[in-house]
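Novice: What follows is each chain in one-letter form.
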Amino acid sequence: MGFFWTIVALVVLLGLSWRYLGSYLAAVFDGRVHFLAPIERGIYRVVGVDPEHEQSWQRYASSLVIFSAISIGFTYLIFRLQGSLPLNPQHLGALPPVLSFNTATSFVTNTNWQNYAGETTMSYFSQIVALTTQQFVTPAVGIAVAIALVRGFSRHGTSTIGNFWVDITRCLLYVLIPIAFCFGIVFVAQGGVQTLAGPVNIHNHLNGVTQTIPRGPIAFMESIKQLGTNGGGFLNANSAAPFENPTGLTNFLSIYLVLVLPFSLTYTFGKMVGSVRHGATLLAAMVIIFGCWVGYTSYAEHQGNPAVAAAGVHQSTGNTEGKEVRFGDTSSALFGVASTSTSTGSANSSYDSFTPMGGMGLMTGMMLGEVTPGGDGSGLYTILIYAIVAVFIGGLMIGRTPEFLGKKIQAREIKLAGLASLVMPLTVLILTAIAVSVHAGRAGPLNAGPHGFSEILYALTSQGNNNGSAFAGLSGNTAFYNIVGAIDMLIGRFVIIVPALALGGALAEKHPVPTSVGTFRTDTPMFVGLTIGVILIIGGLTFFPAVSLGPIVEQLSHHRFF
Amino acid sequence: MLILLRRSVVFAVVMMAGTLVYAFIGTGVAQLFFKNQANGSITANGSTLIGQNWKSPAFFHGRPDDAGPYAANAAKHISGGDNPLVANGVPGSSGATNLGPRSKVLLNNTRALVAYWHSMGVNPTPDLVTTSGSGYDPDISPADATAEIPMVAKATGIAPGTLATLIKKETHGPQFGFLGASYIDVLQLNEALVALEHR
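Protein sequence lines, in the order shown, are assigned to chains H and F. Taking my numbering, I'd label the letters of the first sequence as residues 99 to 660. Taking my numbering, I'd label the letters of the second sequence as residues 689 to 887.
These are computed hints drawn from the structure, not numbers from a lab. All figures in this text were calculated on a predicted structure; none of them were measured in a lab. Be careful, since some hints might not be right.
Claimed, not checked - Derived list of chain H stretches under chain F, where covered just means 3 residues or more per stretch with a C-beta under 8 angstroms from a C-beta of chain F: (1) 194-200; (2) 359-369; (3) 476-484; (4) 506-513; (5) 607-619.
As the list claims (entries may be wrong) - Incomplete in silico selection of chain F near chain H, CB under 8 angstroms: (6) Ala711; (7) Ser829; (8) Gly849; (9) Leu867.
Claimed, not checked - So the derived list for chain H, only partly shown, Cβ under 7 angstroms to chain F, looks like this: (10) Leu294; (11) Ala407; (12) Thr415; (13) Glu419; (14) His549; (15) Glu652; (16) His656.
Glycine residues also receive a C-beta, built at the ideal position from the N, C-alpha and C atoms.
Take the sequences, apply the hints, and build the full model.
Specialist: The structure is reproduced here in structure tokens:
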């Protein structure tokens, strides 16, 4: 019953946010929000940007790529110099080079894959200045790309799609920082830790236990970790750790924060192109798939753990291995689906210990390309790419030149959309094949049998989709996984972003064609179905053979343990 | 190209400084208004948010995140869940066992835990034979605590009915009636149990 009301509360809150936050976002990117104008102007002056000057897509993309490269460099340097930097009460030393490279790439690509345990590896300085900074910047970059692509639809006969520096500055100042700050206060009030003091020693005279408890500036990182669909927590156990996610309320707010921007951006899209109906169409496709995945995964987790059942324990409370008592099984499954269907990857339970079918729910949520609803910005630009493919297929069926929002979709657009939608499955599958073929790759998994394969497939899927969650039994902190993972993350981020911006540029130049009776409608339930079909076919069919070797074999191995 | 490099460097530096300010202001607000929570909810006997190892049958036990029953059974396969907060002044990392649903190790561990609980006179619930996500779950469910009543009653001599009342009193319902599950903080439950014994 509690789960039912959780869903109702989530739907109501997200529905209101979709309408009002979505509309607010459109105002932010149209430059109609000014309440921090002095700070905004100050940043433009220091950085040397003229806010009135717009960029071509090439200029937009090169700003983004160079800025990201510089960010990787700075983040890498902080890890390497950690021992000499301040705010380091545990006197933690520098990270090794390959781990620094993997982690820097991971946070700059909005992935937040973590081959380290935060509380024993990262100083407070690294957590704040290297990691939290990227948790603010990367969702702003993702949203900026989405907005630039949307401008391609809303503008006609122009060669510019906005200004990268202005878009990320506005997104940070008017959206991410204020919301993250407010929710940070709620997380602290509920029990989230926020201190610059070091670990604390306590002794319990009742049972003679002495503990050294790690602390740090956790709660205010937690809010942007979720809001920014980042997912990289302060502590190794991520949102399962009570200091990050202390109560049922913070767990619920985490799920809300993860979903709010990706869903709301579809309204922003509709508003900016002058047809909220089109935004609702994309929203419907996202919600239908997301709803199915939540139902399926929660059901799978409620069935209980096969190993626990085989040990003769009756499980009326579902699969409890790797889950926290205060959340329960279904809320953990809901959190897991929200985290993997967006590009977040935070975890309030051990995904590795999910049932075979529950784990498959999480894995396939990522394999659909992170569009249900996907990451901040990345969800919108990726589903728009899928929608263009859907328009193309629809156009082929009725034998007309396809159009989307009055823009003709021609060879150039289809090539770009094809590139952007195929690069992720190709990268993930090829790298998985390499990992299972070489000794260094096969040495990674903790679990034996099909679950070991699932751990490898999950890791490369997660990094290729910039998700960052893990079947965490995999020992990822090796030269092989650090380097392969970094390549996976870079391709999964930038080889989709650049074609998306090129699409925006190409579309912005086109003049609209008038709607006629022969126009293929793209704001109908029919088109929702077509888009869902494209998402499921690209994700489902390309990954089905791989998934059947992992979770499906595992599910079918009745009474066998590995 | 050069101007892009310059802008990127300056923007990155501005953002790093900005995040530092964000974290400092956040810490200030937290320490000013929520001092107890912000410092880890530390009470006289430990943090109410961090599980502990209760070995004596005279106390209610938390989930088996500590090494206890695992020690004799393939302990080297356990990557987490082994009482991570070691007491030498250096904190260990949190984390789950990450054992898969068809793991032989998990099956053997679970069997060992079932045998352990039976030897304590307890018919275990699923929570009591599985480890948590954090590796130091501070809570158990009311059903878990109820299952432990025979063990605690035998060791302390307190009547099972009295313990059941205590459990009921220490149970936190879901927040606002629907968020999360019912739980009992093991530390608070045992402190209440000690208070009961001394009365």
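Novice: Taking the hints in turn, state whether each one holds.
Specialist: Outcome of the hint check:
1. 194-200: n = 0 at 8 angstroms, threshold three: violated.
2. 359-369: violated (count 0)
3. 476-484: violated (count 0)
4. 506-513: violated (count 0)
5. 607-619: violated (count 0)
6. Ala711: At 5 angstroms from the nearest chain H Cβ, alanine 711 of chain F passes the 8 angstroms test, so the hint holds.
7. Ser829: Nearest chain H Cβ about 5 angstroms off; hint holds.
8. Gly849: Check failed: Cβ of glycine 849 of chain F comes no nearer than 24 angstroms to chain H, outside 8 angstroms.
9. Leu867: holds (4 angstroms)
10. Leu294: At 6 angstroms from the nearest chain F Cβ, leucine 294 of chain H passes the 7 angstroms test, so the hint holds.
11. Ala407: violated (9 angstroms)
12. Thr415: holds (6 angstroms)
13. Glu419: This interface hint holds because 4 angstroms falls under the 7 angstroms limit.
14. His549: holds (4 angstroms)
15. Glu652: holds (6 angstroms)
16. His656: violated (10 angstroms)
In summary, the numbered hints that this structure violates are 1, 2, 3, 4, 5, 8, 11 and 16.
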